[in-house]
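Enquirer: Make a model of the complete structure from these sequences and hints.
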Amino acid sequence: MNAHGSEDPAEVLDDIVGHIPPVSATPARGKHLLDIVDLRVAYPTKGFLSRPVEVLHGVSVAVEEGRTMGLVGESGSGKTTLGRAVLGLAPVTGGSITFDGHEIAHASRSERRKMAADIQVVFQDPYTSLNPSMTIGDILSEPLGSQGISGAEARKRVRNLLDRVKLPVDSMDRLPREFSGGQRQRVAIARALALEPRLIVCDEPVSALDLSTQARVLDLLLEIQEQTGVSYLFVSHDLDVIRHVSHRVAVMYKGEIVEQGLSGKVTESPDHPYTRRLMLASPVPDPDQQAKRREERRAFAAKVASQLGEPAA
Amino acid sequence: MSAVVDDVSAQAEPGGLGGAVKRPGVAGRLFRNPMGTASVLLLAVIVLSAVLAGVLAPHDPARATDNVLTGPTALNLLGTDSNGRDILSRLLFGARGTLMSAAIAAVVAILIGLPAGLLAGYYGKWFDGLSSWATNILMALPGMIVLLAVRAAVGPNIYLTMVIFGVLMSPGFFRLVRTATQSVRNELYVDAARVAGLSDLSIMGRHILGVVRAPVIIQAAMVSGIAISFQSSLEFLGLGDPSAATWGVMVNDGFRNIYRQPLALLWPTLAISLTIGSFVLLANALRDALEDHVNVKEKTSASRRPATVAAVPATVAAEPVDAHLCEVRDLRIEYPQPGGERKTVVDGASWYVDRDEVLGIVGESGSGKSQTAFAVLGLLPDNALVTSGQILFEGKRTIDTASRRIDQSALTGLRGRRISYIPQEPMSNLDPSFTIGSQLVRPMTRILGISKSEAVTKALDLLSAVGIPNPKRTFSAYPHQVSGGMAQRVLIAGAISCDPDLIIADEPTTALDVTVQAEVLDVIRDLQTELHQGIILVTHNFGVVADICDRVAVMQNGRIVEQGDVRTILRHPAHEYTQMLLQSMLVGKPPLTRLMSDSATGGMK
Amino acid sequence: MLQFIAKRLVAGVVALFVVACLTFVLLYSTSGDVARNIMGDQASAASVAAKAHELGLDQPLMSRLSSWLWQATHLQFGTSWFTSQPVFTAIANRLPLTLTMVCVAILLIGVVATFLGVTAAVKRGAADRAVQIMAVLAASLPGYIVGIVLVLVFAIQLRWFPAISRIGPRSGAAVWVASLTLPVVALMLNGIAGAAQQIRSAFIKQLEQDYVRTLRSRGIPEREILFRHVLRAAAPAGLTVLSLQFISLLGGVVIIESIFALPGLGSLAVSATTQGDLPLVMGVVIYTVAIVVVVNLLVDVANGWLNPKVRVS
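Protein chains in written order, with the working numbering: chain Y, 1 to 313; chain R, 1 to 605; chain A, 1 to 313.
Among these hints, one or two may not hold up.
As the list claims (entries may be wrong) - Listed next, the in silico DMTMM-like pairs over lysine to aspartate or glutamate satisfying Cα-Cα at most 20 Å (straight line):
#	chain 1	residue 1	chain 2	residue 2
1	R	589	Y	268
2	Y	292	R	522
3	A	205	R	425
4	Y	31	Y	103
5	R	589	Y	219
6	R	125	Y	268
7	Y	114	R	200
Stated by the list, open to error - Some, not all, of what chain R presents toward chain Y, calculated at C-beta under 8 Å:
#	residue
8	134
9	193
10	194
11	198
12	365
13	510
14	513
15	581
Think of the hints as simulated: they come from the structure by calculation, not from any bench.
All of these numbers come straight from a predicted model, not from anything done at the bench.
Glycine included, each C-beta is placed from N, C-alpha and C at the ideal position.
Expert: Rendered as structure tokens:
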């Protein structure tokens with residue numbers, strides 16, 4: 001599986017999994033806060049004696065302190081599963097996840113509970129990530145309560161959190177349904193910030209939002225990183241979003257990382273054919289530039305197809 | 001573990017079925033419903049009479065006299081039974097046994113069903129399998145037959161019988177709780193709670209019990225009613241405790257003396273029906289209160305069916321020959337709201353589309369862009385009102401201004417034949433029960449009037465035209481056997497199958513991966529270049545607009561704020577809303593910088 | 001598909017076995033001195049003991065269970081304690097009448113409830129409210145009250161039908177129809193509205209599916225959409241509703257037979273229960289559960305056939 005084969009695009013489009021370029025070619029400069037090495041995740045399937053389905057086939061990726069690692073891929077690439085594995089929400093079957101020097105891939109529930117202060121999450125869907133029958137105040141004090149902070153102290157912290165995500169203080173007594181999608185996502189961000197974590201897993205945090213709301217939420221996430229130095233593991237299907245928020249980027253395809261490196265390099269002039277295909281497929285908002293990009297994409301696809309037509313060298 | 005729950009001071013005591021329903025307003029809504037109030041009052045009266053039977057009853061319920069089957073008298077307000085016993089007193093005391101039976105059955109059923117459902121739903125695995133299996137067996141047992149067997153085994157012990165009945169009723173609770181738990185368990189807020197470090201027990205207490213509480217109460221009311229029905233049935237069959245004063249025994253006695261004194265049958269029958277009825281009504285009222293059930297009715301006599309007269313102006317009032325392919329003029333779509341007001345979703349929109357061009361309608365969620373598209377198709381929800389404006393297809397009106405509805409008679413000839421539709425979600429828009437082929441063939445035989453074999457040939461051609469590598473296999477496949485991208489191609493094939501002049505595509509690539517989106521847009525563009533239809537493409541994505549549209553209309557809050565040539569709009573937007581949208585685009589912006597100058601405004605609505 | 005049927009068949013047999021064991025243990029371990037009950041208070045201790053021996057009551061419970069199970073596989077369910085008639089014969093004499101009533105009732109419920117449910121779902125408005133009110137009324141009135149009212153009105157007041165069945169061993173069809181009309185109507189009344197309400201919900205759920213709108217957009221006539229697509233999609237839910245109705249009819253028939261003095265399985269069950277004729281009670285339980293198992297199997301197979309995911313695999 002680990003053939004460091006040629007970068008010949010011919011073998012890629014249908015058989016990309018067979019080719020994994022050397023992972024993390026340039027050594028990271030910053031200190032690694034999170035280190036994922038050769039991670040495998042397999043979900044058990046329904047039915048008697050049926051085999052588990054492996055969705056991550058040995059993935060290695062690292063997040064630096066105070067930086068953002070962007071994880072981009074299409075549906076079924078395993079990018080969300082990777083995020084969930086870091087959070088302890090996916091069954092890890094192999095490899096290791098090291099957070100600040102501690103192995104957490106197989107942490108027990110009580111160990112996880114201690115880590116809750118360090119690793120937090122913002123999910124994609126702001127509608128199902130907030131319990132509809134709890135007030136915003138209750139939602140924000142839930143993580144505080146689990147760490148033994150309650151009463152007046154908790155209320156003070158909740159007020160600060162609302163302030164930080166630019167929601168009015170009287171939101172505390174309201175229910176999620178009174179808020180728009182973007183505002184709910186601010187609540188979700190506030191909940192993630194409640195315990196002042198060092199790493200936040202952002203799982204498609206802006207995919208369900210409108211364009212203008214998306215921009216505001218991305219601004220907020222960047223601002224929070226500047227102020228607190230939190231690290232993000234940022235998962236998205238949108239290469240533009242990933243380019244905008246990430247310091248480093250990893251591209252996932254069918255449960256493997258096909259390319260990773262500095263954000264500008266990977267998202268502007270990618271080495272791997274799949275990344276290239278992904279880049280050329282995302283449209284630009286100008287008819288003539290888009291027409292050009294479309295031609296490039298078609299030319300690239302034709303090149304790949306013609307090379308595929310030849311017998312394998 | 002449970003200490004965590006207690007620590008969280010802000011949260012009301014979790015669990016506890018007797019606890020007040022947390023969401024404010026449910027109780028209020030229950031009492032606003034006259035049925036709810038009536039049933040609660042009636043049940044309160046029955047409970048009180050059971051509790052106070054000893055005080056209220058004028059006679060000893062068991063004392064036989066010679067005044068047999070008297071009918072109402074001053075001494076016996078409701079008359080006497082065949083042993084001369086006072087019916088009123090027996091009714092009052094009978095309420096005890098009846099309510100006790102209901103309570104036993106409901107409590108036993110909840111005690112078994114609730115925890116089992118929670119565990120099975122939350123942890124799944126072997127316990128789920130085992131308990132679901134046991135549930136299926138319990139549900140295959142006819143209740144009355146089992147109760148007869150229990151009666152044969154243990155004798156006329158009504159309370160023990162009701163315990164067994166509770167076991168028989170537990171699957172209802174189990175299924176309810178299990179389904180609710182499973183769905184809540186997969187909610188992201190439960191994942192968030194786990195990441196926040198809550199234990200399973202606190203998650204169940206805080207997030208899951210709150211969700212299952214209301215349905216469990218509703219089911220408990222239903223089960224109470226059923227239990228009373230079964231318990232009194234047993235007694236009616238003469239299988240109860242003959243010495244006790246119970247309603248079922250009284251019905252039995254009354255039925256046997258029906259010719260002599262019909263009233264002796266009436267009273268207990270009434271008591272039983274009213275009690276069960278109260279439980280049923282209470283359950284219904286609770287359900288309505290929870291669903292926030294509002295029956296919005298527009299106070300117009302015009303039915304949903306368009307008046308037949310409306311067809312006449314549509315054909316008569318033809319517009320000039322050089323009419324646009326499709327034109328929308330000053331369209332206003334409103335929905336009636338509970339309070340009697342109307343909500344405007346499209347507010348005076350005007351645009352047109354011609355043959356051989358792609359009009360993009362772009363906007364954010366709630367801008368009314370999809371509503372406009374559905375209005376053209378005539379597929380708005382039943383309660384939608386077109387309060388002003390007109391839609392013209394080749395100059396033909398498709399809005400019946402008198403009834404403020406879509407003129408379906410004008411559209412039946414157009415829809416499918418001249419106007420077609422590409423939906424957003426590929427999978428849910430194919431009928432899972434039919435093969436892809438049959439779903440393609442049927443509109444063609446119907447609309448084009450061609451034979452089935454011709455339609456099959458054409459369908460296979462269409463499938464290869466939209467880039468499906470193996471048309472034959474896809475033709476005979478069921479929707480669940482193909483990928484989302486393939487399904488969307490199938491839907492595009494369906495949209496062009498009857499050679500329409502206008503295609504309405506509602507976010508046709510939003511549900512697809514970006515690489516598939518590019519390919520699907522290629523398919524649409526190539527087909528349009530070849531067949532020269534007019535296309536209305538509804539989207540939120542300016543990249544898609546740039547890729548395929550000739551002209552653009554930008555919508556905000558139901559209004560068109562700006563429209564024109566695609567290059568003009570994207571490069572030199574005049575309206576500040578369009579400018580703001582384009583400013584939010586990430587392409588070409590320096591990474592890791594702020595996008596919005598006014599990013600500080602998170603503002604409440 | 002064959003594998004699917006085989007699986008369901010095995011599950012049904014296992015269910016029958018479990019129910020048989022549980023019922024047997026319940027009946028024979030909790031009942032008191034059976035031999036004394038049969039012989040009466042006057043009998044001597046010796047003759048009671050002899051009776052107990054004759055009935056096999058002096059054997060351990062488990063060996064009695066296993067011998068019962070063994071005989072049951074040969075369709076022998078013992079003999080009645082009071083009439084000495086084989087249980088098989090006693091039930092075989094009664095079963096046709098009961099099955100006729102239940103089958104006619106379920107067919108009528110199926111037709112009428114589908115009609116009402118679909119009408120309520122499509123027309124909404126008055127038809128919808130009528131079904132809702134009927135459902136509440138039907139749920140409020142126990143089966144025996146419905147039966148009594150029917151007897152009072154149609155048999156005693158109007159004299160259209162006999163109040164008590166005249167069915168004998170050699171009755172002709174006319175007698176059957178006259179005697180069974182009221183009981184079948186009584187059986188149906190309780191089920192129809194509830195079933196209609198559930199079929200209505202199932203139908204509405206399907207009507208709201210996206211593909212219905214797409215079918216409309218393709219110019220398919222509304223009638224064809226309703227009856228070819230929506231009704232078919234709602235059929236599995238409807239069949240499940242009817243199978244549950246069938247189970248409750250098997251219980252309801254007990255009461256209806258008692259009211260109308262019909263010589264069916266239900267009245268046999270009541271008299272056996274009153275007398276404490278345990279072999280007969282046991283036989284009735286096994287027969288009814290076996291019928292339910294067969295019906296459920298048929299419904300499962302029908303639903304499997306309706307679902308392409310099961311059929312095509």
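Enquirer: Compare the structure with the hints numbered earlier in the document and write down the numbers of the violated ones, lowest to highest.
Expert: 6, 8 and 13
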